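Enquirer: Residue strings, one per chain:
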Amino acid sequence: MRADAKVLLERLGRQDFAYKEFADRFADLELWPIFEALLKDQRLFTQSRADAQQEQPAITPAPATADLPGSAQVAAPAAPAPAQSLSSMPLSALFARYEAEAGNRPTAETQNDVRSLLRQLSEANAKGNL
Amino acid sequence: MAVILCHSPKGGTGTTFLAAQLALAFADRNRDVTVISTAMNDSLPLHLALPPAVTLPDLEGQAEDAVMVQGIDLRNCARAPRDPDFVPMLQDAGLLSPASERVLIIDVPSGERGLAQRLLPFASLHLCALTPAPDCVALLPQFHEELGEGALDQTLFLVNCLDETRRLARHTTAFLRELFGANLIGRVRQDESVVEALAMLQTLGRYAPSSAALADVTEIAEHVLLRLAAQAELAPQPAPAQQPQTGDIAPAGKSRAA
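So the sequences go chain by chain: Y and Z. Quick note on numbering: this note's numbering labels position 8 of the first sequence as 374, and the sequence is numbered without any gaps. Quick note on numbering: this note's numbering labels position 223 of the second sequence as 224, and the sequence is numbered without any gaps.
Wrong hints could be hidden among the right ones.
To be verified - Here are the computed lysine to aspartate or glutamate pairs in the DMTMM-like style, where the Cα-Cα straight-line distance is at most 25 Å:
(1) Z/K11 / Z/D136
(2) Z/K11 / Z/E234
(3) Z/K11 / Z/E102
(4) Y/K406 / Z/D136
(5) Y/K406 / Z/E147
(6) Y/K406 / Z/D154
(7) Y/K372 / Y/D382
(8) Z/K11 / Y/D382
(9) Z/K11 / Z/E165
(10) Z/K11 / Z/E147
(11) Z/K11 / Z/E197
(12) Z/K11 / Z/D93
(13) Z/K11 / Z/E193
(14) Y/K406 / Z/E193
(15) Y/K372 / Z/D164
(16) Z/K11 / Z/D43
(17) Z/K11 / Z/D154
(18) Z/K11 / Z/D84
(19) Y/K406 / Z/E150
(20) Z/K11 / Y/E402
(21) Y/K372 / Z/E197
(22) Y/K372 / Z/E165
(23) Z/K11 / Z/D164
(24) Y/K372 / Z/D29
(25) Y/K372 / Z/E193
(26) Y/K372 / Z/E150
(27) Z/K11 / Z/E150
It is worth saying that the hints were derived from the structure and are not from the lab. The structure displayed is predicted, hence computed values, not measured ones.
Isolated chain Z (complex conformation):
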């Protein structure tokens, strides 16, 4: 099981867009994917071409209530930030089991820093979308402090909504490139077709297959898959006697210790 935490220091940076596009890209590559949104006001369905009337079933909802889009299992757990049993619930559902081939993507709103901190030890990767704007980069020190230094090892950053015709946006991206080095894995160009696709109730791939943003986010998805594959190669193969029991699963960082 690969667990990808999508969480950013600031709202409106495109975290839900990123979670949805990653899920679609993984599903295109025949990976089993579950996406859990933890937002109270959830825009994830819209990013997957579902009409606003659709609400996602709870994580513990019945199988017949499941909402599937292109093979992606979509769930919502808006109570997660305040529910201390959220992580044990994921474990009980087998969603954190190392034996599973399923990719779990968890979209955590920017304001729910505590939930992100709780999930980080179980995450294979933490994806952080930033916009090339001062009000976003100004939050990085606080973000860094709250997540802790160790968390940054598994954090990959990307610049979203980049308009390269804008001087400040270019300079900010260059600054972030210097700041994060190889952990800045890409950029997604600003593209009107992203919001047009939402308005058309279509996925971006269907509405604008030649979209610049789609090409960029597809590149990022491939990069993430490569990272996950590299992590899987480095992960030790547990002996049968050492298999963790249900409800007693070690955090990803510990189980992957080389």
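This is chain Y alone, in the form it adopts within the complex:
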């Protein structure tokens, strides 16, 4: 460690420091295509898990904060992820709390196009609806 950094840490009384806190809100996160591809990968997302999720969602949706177009509700971005491991829940449920609930099941098109959902979230956020 450089001497100047060491002196600075001592003056601050810290063991280490970060130059800036980088906390992304969910609405600012991007679903990069590789993430989308992973979510659709059958080796992670087995059919048995998909069936299990249809019967009973593994993640309870967080309280809704706003209505979105198409009667969709979205979970609070700040809601912590449930403490469930990959092995104990279907992968399709991982992002289920970000998907439409509100009585109407999302259309197949909406289910397959997470990017459009994120776009809706961004638009709602820009309008101050989130």
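With chain Y's structure known, arrange chain Z on it following the hints.
Expert: Okay, now just chain Z, sitting in the frame of chain Y:
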């Protein structure tokens, strides 16, 4: 005996760094620790401040050839991936005995998936280091498929070399957090002092005691110890008549069945 398997889907994610730092952290807490590296090109000695000229003794080596660092017994068994007797050898050496208080850490290279599969039934925990990069997360489906669903119950993940100033790294970490939930036990920040310590032939704790990476990996070690303690509490106490004989030790998952 707690057996910790360190194995990742991709090379270069810091598995050996993790194995070494865990061993040092456990030794600091007065635990008896053995680390077995199964890599042909073994960088474990360097992570424990040993010069490149040092080669670790074989698992069956003589006691006088033992290499000890801060009380940690260091071994190498590069033939393990191709040796069907590797697990029985561990059993014969008493390294898998439930009665032992020793922590056994086995570092398995990413390419040796078969060895990892053989060791998983005996492991108390499987630690998997990931880097927040697409070429690492892209291997997760294959990794998942090869290890099997049951193995993920005992797998704990961590993100290594995290640079939070990088957008993709943050997003990847958030994705992994959603994917693995509580099984993602932490992250280790990218820290130049890690490689500087290697170049100085010093342990990270000695070279940079205020290192961010050291603080992170120490937190992870404490988390692992808590997990092991919880497992030990859940483990049934075997009656004396049911003690397994030498060379006939049940896999960890079976012996710990609640």
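Enquirer: Each hint needs a verdict: does it hold in this structure or not?
Expert: How the hints compare with the structure:
Restraint check: the Cα-Cα separation between Z/K11 and Z/D136 comes to about 8 Å, which is no more than 25 Å; the hinted pair holds. At roughly 33 Å between alpha-carbon atoms, Z/K11 and Z/E234 are farther apart than 25 Å, so this suggested pair is violated. Of the supplied pair hints, the one linking Z/K11 and Z/E102 is violated, its CA atoms being roughly 31 Å apart against a limit of 25 Å. This hinted pair checks out: Y/K406 and Z/D136 have alpha carbons roughly 17 Å apart, not beyond 25 Å.
At roughly 18 Å between alpha-carbon atoms, Y/K406 and Z/E147 fall within 25 Å of each other, so this suggested pair holds. Restraint check: the Cα-Cα separation between Y/K406 and Z/D154 comes to about 22 Å, which is no more than 25 Å; the hinted pair holds. Restraint check for Y/K372 and Y/D382: satisfied, since their Cα atoms lie roughly 9 Å apart, inside the 25 Å limit. At most 25 Å may separate the alpha-carbon atoms for a hinted pair to count; Z/K11 and Y/D382 exceed this at roughly 29 Å.
About 21 Å separates the Cα atoms of Z/K11 and Z/E165, which keeps this hinted pair within 25 Å; it holds. Distance restraint check for Z/K11 and Z/E147: the Cα-Cα separation of roughly 13 Å lies within the 25 Å cut-off, and the hinted pair is therefore satisfied. Restraint check for Z/K11 and Z/E197: satisfied, since their Cα atoms lie roughly 23 Å apart, inside the 25 Å limit. Taken as a hint, the Z/K11 and Z/D93 pair is broken in the structure, with Cα atoms around 31 Å apart against an allowance of 25 Å.
Taking the CA atoms of Z/K11 and Z/E193, the gap is near 21 Å; set against the 25 Å cutoff, the hint holds. For a cut-off of 25 Å, the pair hint linking Y/K406 to Z/E193 is broken: about 36 Å separates their Cα positions. For the suggested pair Y/K372 and Z/D164, the alpha carbons sit about 20 Å apart, so the restraint of at most 25 Å is met. Between Z/K11 and Z/D43, the direct Cα distance comes to roughly 16 Å. Compliance with the 25 Å bound is thereby established for this hinted pair.
Note on Z/K11 and Z/D154: the hinted pairing holds, with a Cα-Cα distance of about 20 Å set against a maximum of 25 Å. For the suggested pair Z/K11 and Z/D84, the alpha carbons sit about 22 Å apart, so the restraint of at most 25 Å is met. Restraint check for Y/K406 and Z/E150: the C-alpha separation of about 17 Å stays at or below 25 Å, so the hint holds. For the suggested pair Z/K11 and Y/E402, the alpha carbons sit about 20 Å apart, so the restraint of at most 25 Å is met.
Between Y/K372 and Z/E197 the CA atoms are separated by roughly 15 Å; this keeps the pair inside 25 Å, and the hint holds. Restraint check for Y/K372 and Z/E165: the C-alpha separation of about 21 Å stays at or below 25 Å, so the hint holds. Using a Cα cut-off of 25 Å, the hinted pair Z/K11 and Z/D164 holds, with the two alpha carbons roughly 18 Å apart. For the hint pairing Y/K372 with Z/D29, the CA-to-CA distance comes to about 24 Å; that is within 25 Å, so the pair holds.
Restraint check for Y/K372 and Z/E193: satisfied, since their Cα atoms lie roughly 14 Å apart, inside the 25 Å limit. The straight-line distance between the Cα atoms of Y/K372 and Z/E150 is roughly 46 Å, outside the 25 Å bound, and the hint therefore fails. A distance of roughly 19 Å separates the Cα atoms of Z/K11 and Z/E150; the hinted pair therefore holds under the 25 Å criterion.
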